[in-house]
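Number of protein chains: 2
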Amino acid sequence: MSSQAPHPTLLIPGPIEFDDAVLQSMAHYAESHVAPGFVKTFGETLTLVRKLFQSTNPAAQPFVISGSGTLGWDVVASSLVEKGENALVLHTGYFADSFATCLQTYGANATQLKAPIGERPSFEEIEQALKEKPYKIITITHVDTSTGVLSDIKRIAEIVRRVSPNTLVVVDGVCSVGCEEIAFDEWDLDVVLTASQKAIEPPVPPASYYSSIGNWLPIMQNYENFKPSYFATPPTQLVHALHTTLSQITSRPMAERFAVHAQASDRVKAAVAELGLKQLAAKPENQAHAMTAIWLPEGLAPPDVLPGLLKRGVIFAAGLHKEAATKYIRFGHMGVSVSDPTRKDIDNAIAALKEAMAEAKQAKGL
Amino acid sequence: MSSQAPHPTLLIPGPIEFDDAVLQSMAHYAESHVAPGFVKTFGETLTLVRKLFQSTNPAAQPFVISGSGTLGWDVVASSLVEKGENALVLHTGYFADSFATCLQTYGANATQLKAPIGERPSFEEIEQALKEKPYKIITITHVDTSTGVLSDIKRIAEIVRRVSPNTLVVVDGVCSVGCEEIAFDEWDLDVVLTASQKAIEPPVPPASYYSSIGNWLPIMQNYENFKPSYFATPPTQLVHALHTTLSQITSRPMAERFAVHAQASDRVKAAVAELGLKQLAAKPENQAHAMTAIWLPEGLAPPDVLPGLLKRGVIFAAGLHKEAATKYIRFGHMGVSVSDPTRKDIDNAIAALKEAMAEAKQAKGL
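Here the protein sequences line up with chains E and U, keeping their order.
Per the numbering used here, residue 141 is the first one in the first sequence, and the count goes up by one each step.
Per the numbering used here, residue 141 is the first one in the second sequence, and the count goes up by one each step.
Isolated chain E, as found in the complex (with noise of 0.2 angstroms):
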């Protein structure tokens, strides 16, 4: 049910289908950054994050910044750890290795705990990390796409604020953000990239310009009061289609939005069962509900079972993993794919997965 060209349904962990007024919010005519029917959308989008988040603290505020979900961590480590701090990186696969990189490019100390692949960090080793030294930040993904965990980012809060209250509590939320649940200020977080943000004092001097929260505060405090700002100048285009799309989200409880995807989840991981597939997050309690990481069976590689997909017009991404790239697939099931019930994305990929599996079988003589 969509007005857009006929092309293969995108189930990957991002990007993801569009809902097609979302899509044509892109195509809004021009106009200026500071002209009011613009500020009004900016303003409002602005407000809408902090629905998104189920946060009505006035203190924590949302930040929309132009660039890739990679800028979040820029962000935090540029504007919220000085060189020499330390910071706790909880692994749960290919994104916590990226984000201690960034940590130590702008000076970080950046300590991973690290778990086996498919597994988690348990909460004993974070709370016996976090009483070895003093850790300025604790970065958590909520969701790794590379292999499907997820985090439980309310205990893990709980912990902090326990054993160390002083500490940041980031959350890397770019795949889970409006498909798990998030209370930001319930569980007391600090911030959730790339979406939120508590006023907290930023370094002086910055160790970045661009991605520095403290050039961007004014910013987001004026047209969040529909006051016309400059830093940088937003992505109008983008802003429409992000206030597009809040709006629809929020116009909902968010607890029904996490429950069409907890329920999809299931039907996803139940059909991946029944084929004889395990996830690389073996347990249930550390399973994503956005998306599902499959391992193929031996002799098979993702080349092996992608075409297939392809061909019966559904699109999965192959691993990333670095230590298992080419032996598991990701199937992405989230937004408008899993919350628009006139869609039939999650059963025809299910299907399609089913028949791809036993073509790509055959064709190896397993």
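Quick caveat, the hints were computed from the structure, so don't treat them as lab data.
Fair warning: this is a prediction, and the values are worked out from it, not measured in the lab.
It is possible that some hints are incorrect.
Stated by the list, open to error - Heads up, simulated DSS-like pairs for lysine-lysine below, C-alpha to C-alpha not over 25 angstroms straight-line:
id, chain 1, residue 1, chain 2, residue 2
1, E, Lys-180, U, Lys-451
2, U, Lys-294, E, Lys-223
3, E, Lys-467, U, Lys-467
4, E, Lys-451, U, Lys-180
5, U, Lys-254, U, Lys-501
6, E, Lys-367, U, Lys-462
7, E, Lys-462, U, Lys-367
8, E, Lys-367, U, Lys-451
9, E, Lys-451, U, Lys-223
10, U, Lys-467, E, Lys-367
Mind docking chain U on chain E? Use the hints.
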């Protein structure tokens, strides 16, 4: 002649009016950033960037990175200058101050060579400054949109090569690329923001992550060879739009495009003179061809004139230069507003300016 919803014509120094086909490209259906279709689009886009800069030097690498134009400063400041190295910043308005601040943020010693409002540093001053100490880079704002002042990049590059040949010539082309002539190879430039970049050895370790040339270089090289690659997810929709606009622009000789902008600029500047108004850039050789910064008569401020323009369907920008922002307005005349002969944007804007000025003077009894 547009399929876009009716809206006031946006004639500011960016954002600017969209061509219909470019705008529709923003609403392209979702694609994976590593799928063959998108890889082809991105690879071709990088090749088109070379054409835009009239560059055939294989060692000159185009970069396309998601972010505001400001991010280009961080790329230069964090990737090309080491702490304590000298940077010479030629000042023709607001954006030199900001670029200098960005350079200082990353530890460079930035020296500004300032000119009065509407002027630019003389060639003699530039030569003198270059002889005083060794500079790692010199930065030049090609068109400073706070003043409408155009810099003579070709002449400055010649001076640098003669006096201080190892100094990197960095051009901020945010408001000039595609409107003012740039011959990257012929003029022997090192960097034009945010679009082209020679293969220069970045400092080790780099001072940033997202804005590090070293992190992006292999990605751009791979995409240009039609190989998918990952450092941070590129903005697939924006790349589509860029591909469309660069295809349009480079389908005709660049010289023709520069001439079209010069002709429109002549018409605007003649109309401004006819109204008895002066430009910030008083000398013709200082005047940009894609915008005009216009002093208001004594007794008038931007809020006296801009609403009268809007009433007539035209949007100009207020002043921006810190010392004079309330005393002038800025008229952007670039892109599809001047290159599409079926549009009457410039004629309409000139007519609206005449009427709005008359109305404002009458209201103030001037």
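Structure-based check of all given hints:
For a cut-off of 25 angstroms, the pair hint linking Lys-180(E) to Lys-451(U) stands: about 19 angstroms separates their Cα positions. A threshold of 25 angstroms between alpha carbons decides the hint, and for Lys-294(U) with Lys-223(E) the separation of about 41 angstroms lies outside it, so the pair is violated. Distance check on the hinted pair: Lys-467(E) and Lys-467(U) sit about 65 angstroms apart at the alpha-carbon level, beyond 25 angstroms; violated. For the hint linking Lys-451(E) to Lys-180(U), the alpha-carbon distance of about 19 angstroms falls within 25 angstroms, and the restraint holds.
Distance check on the hinted pair: Lys-254(U) and Lys-501(U) sit about 34 angstroms apart at the alpha-carbon level, beyond 25 angstroms; violated. Using a Cα cut-off of 25 angstroms, the hinted pair Lys-367(E) and Lys-462(U) holds, with the two alpha carbons roughly 19 angstroms apart. Distance check on the hinted pair: Lys-462(E) and Lys-367(U) sit about 19 angstroms apart at the alpha-carbon level, within 25 angstroms; holds. Between Lys-367(E) and Lys-451(U), the direct Cα distance comes to roughly 21 angstroms. Compliance with the 25 angstroms bound is thereby established for this hinted pair.
For the suggested pair Lys-451(E) and Lys-223(U), the alpha carbons sit about 53 angstroms apart, so the restraint of at most 25 angstroms is broken. Restraint check for Lys-467(U) and Lys-367(E): the C-alpha separation of about 21 angstroms stays at or below 25 angstroms, so the hint holds.
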